[in-house]
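Participant: These are the residues of each chain, in order.
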Amino acid sequence: MDTPISSVKIDSIDVIHVVFKVEEEFNTTIDLPQDSKFETVGDFVRALTKFIPAAGQA
Amino acid sequence: MVPRWVEITGRGVLSSAGHDVTEFNRSILAGEGHIAPFDADAGTPPGPPEAIAALKLRFNKGAPVVGFTPEKHFEPRVLSGLDRFSQFAAFASRQAWKEAGFDVDPPASDRVAVIIGTANAGHEVIGVGWHRLYIDARKPMPLTIPMTMASAAASRIAREIGAHGPVFATSSACASAAHAVMTGVILLRSGQADVAVVGGSDSCFDFGYLRAWDALRVVTTDICRPFSKGRQGLTIGEGAGLFVIETTEHARARGARSIARLAGGGMTSDAGDLTTPDGRGMTRALREALRDSGLAMERIGYVNAHGTGTLINDRLEADAIRQVFGGATDRLPVSSIKSSIGHAMGASGALELLATIATLEAGVAPPTLNYKERDPDCPIDVIPEGPRKIQIEAALSNSFAFGGLNVTLAVTRADVNN
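Residue numbers (this note's numbering), protein chains in the order written: chain A, 1 to 58; chain B, 1 to 418.
Among the hints, erroneous ones may be present.
Here are the computed lysine-lysine pairs in the DSSO-like style, where the Cα-Cα straight-line distance is at most 30 Å [unchecked claim]:
1. B:139 <-> A:21
2. A:50 <-> A:21
3. B:139 <-> A:37
4. A:9 <-> A:50
5. B:72 <-> B:229
6. B:372 <-> B:56
7. B:229 <-> B:56
8. A:9 <-> B:98
9. B:389 <-> B:139
10. B:72 <-> B:139
11. B:139 <-> A:50
12. B:229 <-> B:139
13. A:50 <-> A:37
14. B:72 <-> B:61
15. A:37 <-> A:9
16. B:229 <-> B:98
17. A:21 <-> B:229
18. A:9 <-> B:72
19. B:139 <-> B:56
20. B:72 <-> B:56
21. A:9 <-> B:139
Calculated directly from the structure, the hints in this document are not laboratory data.
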């Protein structure tokens, strides 16, 4: 989770794919700010998790 | 002013007639037909029986690209962002880039242009996206928009070869590829670029698209028979044809082999009916191609026709050729390879330019297949009997599109001077 985003070589398209898959899987809508920046993979996961109701309550 | 011709130094193709230029040329010049029955019920959307019956295609023949496995040519993450027409274009562009020798020794990237013609763009992705939305009540796939863009193929090719010059798409229905080629010529002449990847790509075999063509009533239930008595309409094909073109100075400086020379072209508009052409626009395109190229009429030894197989287009195209060439029309071979590979829409002009170049190189003109009987309304020599040996130095290739958008390209053998 501490792996820097820059080292996993994902681009804007990969981010869109991940967001879409999470939306489909958890039947939710993820509305990240357009200027979102993530230092680590963990930052990205935590940002997404906020939009998953069950996970958000955990 | 001496016209500025440009050199063709690379070619690539994906077609029902072949997945590389060698096979495509062999098949086209041999007069092989690739129009065949396909499963007209495939992809029919779910619905009540009476609706399905109403949606059923009237025609069941076409010339789809067969045996192309995109997974062999693109990584999964790349493939997930490419509509089929972009896959076709990228696949063909790699062949052209390699034949030009740029895979080993690439040109200055900021001097490279990419112009790709497409009539349909990424319509397959739109179909999938709207089906998810309206039938499945799910969100469209997230890359629906960038995958459907007409410029998606050009962007993909630019990324693969590192082209940092002018990169964009042309879209003018069935003249899209020819407009792309001519635009590339203009860019090279103007000094905006030294090298250009040009051509066209379209994928056509999904149910929605085929059904929409059926509604227009110009697709024949028979088979494409250009210029023949008894012709009833066009047959749908698909594919991609790509070229690397470069200025003569650039090609000579690096010792590149010129395959053929693009001498110029004519681009005109009917400014008239959306689907019924006006022969005057065709005539002006032919005349303008001669003027722009500086080629005297007597030097033209072959015309690769647009030749859709529709009643009106073929009659008007034949008339336009006769208007321009007069009595010499009787000694001017003409053929339409749409009788072999169908109408590849926005790619057709590129595939037909490939065939025209093959004719110049081999000294053999392809036949017009499925020809039954001479139509008095099409008084031209359409090469009905089979491949014909012809030794020529220059030829024309016509693309006359819906919307009255006309392009004629003029091309010569590599050893011909202006």
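Participant: Taken at face value, is the distance from the CA of residue 61 (chain B) to the CA of residue 72 (chain B) at most 30 Å?
Facilitator: 28 Å, holds
Participant: Hint check: residue 21 (chain A) vs residue 229 (chain B), CA-CA at most 30 Å. Holds or violated?
Facilitator: Judged against 30 Å, a Cα distance of about 56 Å means the pair is violated.
Participant: Take a quick look at whether residue 9 (chain A) and residue 50 (chain A) sit within 30 Å of each other, Cα to Cα.
Facilitator: Since the Cα atoms of residue 9 (chain A) and residue 50 (chain A) sit roughly 24 Å apart, the hinted pair holds (cutoff 30 Å).
Participant: Checking one constraint from the list: CA of residue 139 (chain B) to CA of residue 21 (chain A), max 30 Å. Satisfied?
Facilitator: 11 Å, holds
Participant: Does residue 9 (chain A) pair with residue 139 (chain B) here, judged by a C-alpha cut-off of 30 Å?
Facilitator: Since the Cα atoms of residue 9 (chain A) and residue 139 (chain B) sit roughly 27 Å apart, the hinted pair holds (cutoff 30 Å).
Participant: Verify the proposed pairing of residue 50 (chain A) with residue 37 (chain A), using a straight-line Cα cut of 30 Å.
Facilitator: 16 Å, holds
Participant: Could you grab the alpha-carbon distance between residue 9 (chain A) and residue 72 (chain B) and see if it respects the 30 Å cut-off?
Facilitator: 22 Å, holds
Participant: CA of residue 72 (chain B) to CA of residue 139 (chain B), is that 30 Å or under?
Facilitator: Roughly 29 Å separates the two Cα atoms, so the pair holds.
Participant: Compare the distance between the alpha carbons of residue 72 (chain B) and residue 56 (chain B) with 30 Å, and conclude whether the hinted pair is satisfied.
Facilitator: The hint is violated at about 33 Å.
Participant: Are residue 139 (chain B) and residue 37 (chain A) close enough, with their CA atoms no more than 30 Å apart?
Facilitator: 25 Å, holds
Participant: So if I understand the rule, the pair passes when the alpha-carbon distance is 30 Å or less; does residue 139 (chain B) with residue 50 (chain A) pass?
Facilitator: Roughly 20 Å separates the two Cα atoms, so the pair holds.
Participant: Does the structure keep residue 50 (chain A) and residue 21 (chain A) at a Cα separation of 30 Å or less?
Facilitator: Satisfied, since the Cα-Cα distance of roughly 15 Å is no more than 30 Å.
Hint check: violations occur at hints 5, 9, 12, 16, 17 and 20; the rest are consistent with the structure.
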